[in-house]
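Undergrad: Starting from the given sequences, assemble the full structure and let the hints guide the process.
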Amino acid sequence: MISNYLLAAWRHIANNRLFSVINIFGLSVGLMSCILILIYVRDELSYDQWLPDGERLVRLHTAYYSPDAPPFLTIRAAGRMMEAIRNYASDQVETGLRLVEVGVTVVRGDAIFNEDIMFADGTFFDVFQLPFVHGSAGTSFSKPMDLVITESTAIKYFGRTDVVGKNLTACCLQGSQLEVQVTGVIRDLPENTHLEFEFLTFLDPSMFDFAPNVLNTWTSVNTYTYFKLKAGADAESLKKRVDYWLNNESPLREMVEEGVLPSERLQLKIMPVPDLHLKALRDAGNIGDMKPLGNNSMVLAFVGIAFLILLIASVNFMNLSTARASRRAREVALRKVMGASRRQVAMQFLGEAVAISVLSLLFALVAVELVLPFYNMAIGRQLNLVLSDDLPLLITLVSIAVLVGLVSGSYPAIYLSRFLPARILKANQSSDGGGQSNIRSLLVIFQFAASIGLAVCTVVIYAQTSYARSMDVGYNYENKIVLSGLGATAAVDQRQTIVNELTAIEGVEHVVLSSEVPSQDNENNTGFTLLEGASEGLSESVVLNYYTAGFGFFEAYEMEMLAGRGFDEAFSSDVIVPVPEGDDRIGHAGVVINESAMRRLGFSSPEEALGKTLRADMFRAGTFDLSIVGVAKDVYFRSIKFGIRASVFLNNPGSLRVATLGFRTHDVAGLVREVERVWKKILPTTPISREFLSEMIQAQYQAEEDQAKLFGIFSALAVVIACLGLYGLASFTAERRTREIGIRKVMGARVRDIVGLLVWQFSAPVLIANILAWPIAWYVMSEWLDGFSYRIEGHYILVASMAAGTAALLIAWLTVAGRAWKVAAANPVNSLRYE
Amino acid sequence: MLKLHDLSKIYRTDEVETVALDTVNIEIEAGEFVAIMGPSGCGKSTLLNIIGMLDSPTSGAYLFLDEDVSGYSESQLSNIRKHNIGFIFQSFNLIDELTVAENIELALLYHNIPASERKSRVATIMDKVGIAHRAKHMPSQLSGGQQQRVAVARAVVGNQGLILADEPTGNLDSAHGQEVMEMLQGLNDEGTTIVMVTHSPAHSDYARRTINLFDGHVVTENLRATG
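Protein chains in written order, with this note's numbering: chain F, 1 to 835; chain Z, 1 to 227.
Keep in mind that the hints were calculated from the coordinates and are not lab data. In this text, a Cβ means the ideal position worked out from N, Cα and C, and glycines have one as well. Among the hints, a few may not be true.
Here are some chain F residues pointing at chain Z (derived, C-beta under 7 Å) [as the list claims (entries may be wrong)]:
{"id": "1", "residue": "E740"}
{"id": "2", "residue": "V746"}
{"id": "3", "residue": "M747"}
{"id": "4", "residue": "G748"}
{"id": "5", "residue": "A749"}
{"id": "6", "residue": "V829"}
TA: See below:
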């Protein structure tokens, strides 16, 4: 019996090529999309799940709030928090851990590399039980300056992995070179962890005595802080304890203004480590994590798309199967006459659907193999699909295929098995009642509503992304090379020399120094107090972000000054000269503020601000009275995602770390060679780190652009599958209506009358689909856009909707018209003789 | 009215060549009532389709109202057809989804006639064939005889001068068949030319002339004495 079913199914597939191709192709593409999304989502969900005792690990995040500024969010915490919380909540916390990242250069023979060293408390391997290749947690990480490196780093520096006992030379911590012995080698960190480091060094707190804002601070947030909880404790209960401590026991009570609770200014959040990859984004602010974070809502969106694509493909199957029912009515009728029960007939069709679905899965797997390299390139991952070692995935996929088969087959099975043999065999009546075509119309409406909705979302996401990229940021970032590393001890003395030599290169227009360049972002905040005149009383201090900009910075970046001037060598009094330690004098210097800072400080016009004085504590440089010499127009110094901060520009030579080299030349490659030659000549021990500013700016939006691209590809696939279905349906409807078309033609209808008739029949569902899809897309996209401080206007959604709707209609027309034309042009004689 | 001269129709498939009509010469005057008879497969329907311009001859000439239409394009043929020729089929060929009135109106739909005029002409013709009380019904709610009356109404509502009927009584019982034949007789009396394919000698008696076909040839032509 089975072989009879299989034979019938196979012949049906083979004899109805269009039907089969549309079904199998549609389901294959649907399943392929589903698999691609599935392995991506699975990878996203796998982050840090593999960590031993992962469920007991949490990280401390910090958020600062001030009354009239956007909150400052970070996944780091202040240096003293770890110890304080560990001791206070010792019944819940087993141990704590701080990580501090420091950029150094490491030498191998003649080669020098820029590297980041992760300094970690000795508890590191109690918290993160990473596997050793050589050495062990007990022996390799037991005393200050013990150095554990990853396998690939060992190979990079020594060419092999058994390098315990070998020395590496690093430069520089507090101005001195370090000779460090490798004490252990761990396996490379897998891709799916939030952690990222190559060098791990046992932290000796005294090493940071010179920089009290790293470890010995309640307010500066420069450490990654983790806790390992005792069994039974969880993030929520620890959070409650920490909240109580903050307002009732912590020293921060003394640091906030009178009458304000610490929790009104500062929040400490506890996030389980396995959640970090997908959920830390909301706590991460503009500085981000050790490496790019995932996006929970994107993962959900992709799961939704996968589901929709599968549903659209299933609907094709249902529609085409029932539309073609009359073709198989006779088979059903005869089987019933021969004694088949309705159940048996239904099972036969369900089985057929499952067979087609499983066949499609095979094609889908082949397709995934083929597109995976491109997919990986698009999403910047190294995903792979090896089903033989991945039984759970195989079972999942087969289950999905079977489920899709059952869902797609259910309606045709119920519908076809209901046929009454007597009616079918006796009358040659069309067996397709009005009810079924109504259900088909509903399904087509659903398909197109889903496709149009996806298309609208794609267009809006794309528009927002390119808007973000093309917005006028307020400065010129073209034709600029950024050279970092000038803050390195070896480079400080040579800084002026290198600026002079670089400026002399042909094609170089200017070289300016600063602490950061646009797209680089450090949260440097300090309190500035406006002195009304020189000697009147102090008013309240305002926390502002500050940068250092060297001479000529504003001119080089073509930043507009609203009043006053930028820093100029003619005004050497602008420069911050550190006040010697032990000296109580107040230093004097000039300062440029931006428009936002001007408003924050309470000035109503740029001119009003000029000449006023701000007092600020410049940490090791001492206290300064800063005279406002210029007001610069607001610019998007960082990604527009984070808006514009009230900022102050100082000219503090101690913070000049980056050079911006503006050029005008056609021989960019030659220029770059020349720049590298000059750098190597002057700073042979500092590796050059050079980037084009335009690429750095671009990179800020890369993640969103990649996501938009991916979203676009998958929604295009959804639209293609929906159109395939429509094509099939139009074909069969046209076929079913050949008699009617014949009659109309005999009555004088022209081919185009007939085409119009059929096209309209399929336009109606698409139009209704538009009406359904638009409000939903509008709602979803408005919510999404609300997440951006600088976003495209709502009417863009309407434009996108109309574009997507029109496109859907045109595609539907083309799809149907082509098919209708063929049927309409046929000679009516054949369809009228016999029924 | 129409004249077929040495007209042949040959169907070709990959291997077989079938001669459906072989050098047929027929002339039909306006106002005639002609019956075409012959065994199954003798070419009756092919002949009717060619006369009705639904099919084109392989060779020979076809003069319709003194115009040679054998080389005409499909749209030219369609244009002549819709103004001059009405069709009646054995299987009625009404559209299931349209009402009686809408089915009749279909014949005027592609003639650029204003809706109001279409409505009144449909109403008139429904009265004439006696199905006005069924105007809003669907074809499936009618008996075979009633359906064929609708088809007749549809064939003549556009004032077509020539009606081609392909076994119009083939699916009807004798009483209903009689009814339809009388209706055609009445139309012929008013001047409509009728060409009818039939198997029934009784019904061919309504015609003034009977053409007998066999294997694609005209074998005999019988004239019935008038009166």
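Undergrad: Next step is simple, just say for each hint if it's right about the structure.
TA: A quick look at each hint next to the structure:
Proximity of F/E740 to chain Z holds as hinted, the smallest CB-CB distance being about 5 Å (cut-off 7 Å). This hint holds: F/V746 has a C-beta 5 Å from the nearest C-beta of chain Z, less than the 7 Å allowed. The restraint placing F/M747 at the interface with chain Z holds, with a minimum CB-CB distance near 5 Å, inside the 7 Å limit. A cut of 7 Å between beta carbons decides the hint on F/G748: the least distance to chain Z is about 3 Å, and the hint holds.
Restraint check, F/A749 versus chain Z: the minimum CB separation of about 5 Å is within 7 Å; hint holds. Against a cut-off of 7 Å between C-beta atoms, the interface hint on F/V829 holds, since the closest Cβ of chain Z lies about 5 Å away.
Violated hints: none; the structure is consistent with every hint.
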